[in-house]
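Visitor: Note that the protein sequences, when read in sequence, are chains A and B. Read in order, the letters of the first sequence correspond to residues 33 to 421 in this note's numbering. Read in order, the letters of the second sequence correspond to residues 1295 to 1621 in this note's numbering.
Source of the hints: derived by calculation from the structure; they are not laboratory data. Fair warning: this is a prediction, and the values are worked out from it, not measured in the lab.
When the alpha-carbon atoms are kept at most 25 Å apart in a straight line, the in silico BS3-like pairs for lysine-lysine are as follows: (1) B:K1530 to A:K161; (2) A:K182 to A:K161; (3) A:K188 to B:K1533.
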Amino acid sequence: MADSTTGRPPAASNEPGQAREPWNDPEAVPYIQLENLSKRFGNFTAVDNISLDIYKSELFCLLGGSGCGKSTLLRMLAGFEAASEGRILLDGVDMADIPPYERPVNMMFQSYALFPHMTVQGNIAFGLKQEGMPRPEIDRRVSDMLELVKLGDYAKRKPHQLSGGQRQRVALARALVKRPKLLLLDEPLGALDKKLRENTQFELMTLQEELDITFVVVTHDQEEAMTLSSRIGVMDQGRIVQVGSPNEIYEHPSSRLVANFIGSVNLFEGNVVEDEADHVRIQSAEAGCMLYIDHGVNQIVEGSRVSVAVRPEKIKISRDSPEQEDNVTRGVIEEVAYMGSLSIYRIRLSSGVMVQATQPNLDRDTRQFTWEDEVYLSWNPYSALVLTT
Amino acid sequence: MRMGYTPLGQGLVRLFEPVMHVSPGKSVSRLLRAAGVTGRNAVIAIPLLWLLLFFLIPFVIVLKISFAEYATAIPPYTDLIQWGDDALMSIKLNFGNYLYLVEDDLYVAAYLNSARIALVSTVMCLLIGYPMAYAIARSSPANRNILLMLVILPFWTSFLLRVYAWMGILKNNGVINNLLMGLGIIDEPIVMMQTDFAVYLGIIYSYLPFMILPLYANLEKLDVNLLEAAADLGCKPFKAFLLITLPLSLPGIIAGSMLVFIPAVGEFVIPSLLGGPDTLMIGRVLWDEFFNNRDWPVASAVAIAMLVFLVIPIMLFQHYQNRQAQT
Chain A
33 MADSTTGRPP AASNEPGQAR EPWNDPEAVP YIQLENLSKR FGNFTAVDNI
83 SLDIYKSELF CLLGGSGCGK STLLRMLAGF EAASEGRILL DGVDMADIPP
133 YERPVNMMFQ SYALFPHMTV QGNIAFGLKQ EGMPRPEIDR RVSDMLELVK
183 LGDYAKRKPH QLSGGQRQRV ALARALVKRP KLLLLDEPLG ALDKKLRENT
233 QFELMTLQEE LDITFVVVTH DQEEAMTLSS RIGVMDQGRI VQVGSPNEIY
283 EHPSSRLVAN FIGSVNLFEG NVVEDEADHV RIQSAEAGCM LYIDHGVNQI
333 VEGSRVSVAV RPEKIKISRD SPEQEDNVTR GVIEEVAYMG SLSIYRIRLS
383 SGVMVQATQP NLDRDTRQFT WEDEVYLSWN PYSALVLTT
Chain B
1295 MRMGYTPLGQ GLVRLFEPVM HVSPGKSVSR LLRAAGVTGR NAVIAIPLLW
1345 LLLFFLIPFV IVLKISFAEY ATAIPPYTDL IQWGDDALMS IKLNFGNYLY
1395 LVEDDLYVAA YLNSARIALV STVMCLLIGY PMAYAIARSS PANRNILLML
1445 VILPFWTSFL LRVYAWMGIL KNNGVINNLL MGLGIIDEPI VMMQTDFAVY
1495 LGIIYSYLPF MILPLYANLE KLDVNLLEAA ADLGCKPFKA FLLITLPLSL
1545 PGIIAGSMLV FIPAVGEFVI PSLLGGPDTL MIGRVLWDEF FNNRDWPVAS
1595 AVAIAMLVFL VIPIMLFQHY QNRQAQT
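Could you build the full structure based on these sequences and the hints that come with them?
Guide: Here's what the structure looks like:
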């Protein structure tokens, strides 16, 4: 969990923030514009009225569970599915009447879809040959690309003679060699094992920065989305429920759905007893205490039920009562999972609710807490978040 | 348990124990296994025995007859193996039958003509069958079964009856000519029966399913993503067909072509019923040699020569294909 929170480094200090975050710049012109885009298959709405701007050189992740419409949206960008309603603009050009073989867009398929009867070289050269590029130029571009994805020695191999990781890199090279305006990646790391996936994630990010190509990635893996992306669009039932940087999505989820989907979260239901501009107090029987949060909730009637989200790593476990009145509750540790860098504790509160809390293992050989320990749980007013939807 | 403490008697009892408790079925299988008969061997042995009995032995008999000489006897050929007065065995091989095949123009012409007719029919079957197989493979699963059913449906009627039906359609006062004359399009019937056209029609009609089915089996497995990937990389649909679908369906094309070409070369029923007297095919020559001339040795030589000319190139081709597929 801790890994996920780190995400991308914040905007480099030597660059102005807005250059790295064009979505916060009102002057910036979006590179890809989706306008009220919908796709229906019969009665089923796969993509439901999506409007979204993606900027040049972004690595945008569409994140969601299976059947949320993310793959359909990607296929629409590639041109394999026509929009039922709305339109797609790429660099200002309406893509509606442009067939896939004329779009300046390339896709890396989830299954890689490498041509089994062609060598690695043949696969990568395929797209360039279609453009009618002269032979020496093709050879040069292909060998450059093979060098870039570190497959120089495998040029003459057929896809079935490669490992999964190598195939993934061939697929990537084949999609990149045409230098598309937009690269679409469908679960790019899905078929790789965990260790390889971690390395490839960073390779992918480096490549994207080097080549300065706009990436749109589809994934169901929230960790992958967190590490890779400049921004994430969380999708559910054909709609985009939240768009934001990994940090925003994790720390400021707009709804319970997003909070639950990204990482782990403890949700306490409660009634608003006091809502001011700079703080809110919520009485929660589930949490067994008064919850004090340092941000106000706009447009809420006092007394209405809301949820308070607290991430596990923001909860402090202690044996002694902490010196604060709000945001303190008690419970018994029921489960301990030792993960090396941190430990995950599951604590049953007196209300019966299970709470998850993680603590970094700062010292060696210190089992701070164990099963059946009675502990205090506490967190800061700025650590929790009120969710109304 | 430590073996050192086991008394000898108890050890002996233990030795016999497994045997005493097994079921009869198990002991039979144990006996069979001791004799080298395992389930695995048996599974391979059954088709092997079948091929030996119904393919290899008849083949050896035909091969034997092809080296014999014609004789006015029953059966009408001489024995290869003869016993001399001093009980010495001598084998007399007669290559005259094969020499005869080369010397007489009839046989060479019949072989070439058969190969030509079979080749043209195979190409036609491919041209007609490929789009059909492709359409079936791309149709919705529900329609697919119906379409496949329609391809197989003619097999429910005897092959011979279907060829006779074509006679009824093609003959001078047959369905087509009557219809055209009735409509006043033609005054005299078009002669279709007893022509090469009728033979081609018959062969293509009869063997088309053998082309469609292996092609369908191949095309159905083709990953649609590959065509999407080709389109994504800037390849137009027809070119994608040529560069992706066609090369990947080559095994299906080869299998279907073999299934059409091989039986078409030796086809006898279709040329005899639909073809004219000048439709020269090796199957008919063989029949005439066997039943009209009663020259079994020459007929056998014709059969063996056909096998050699047909089978050996095909085996070499397949061997080469397999080697290529492995690399």
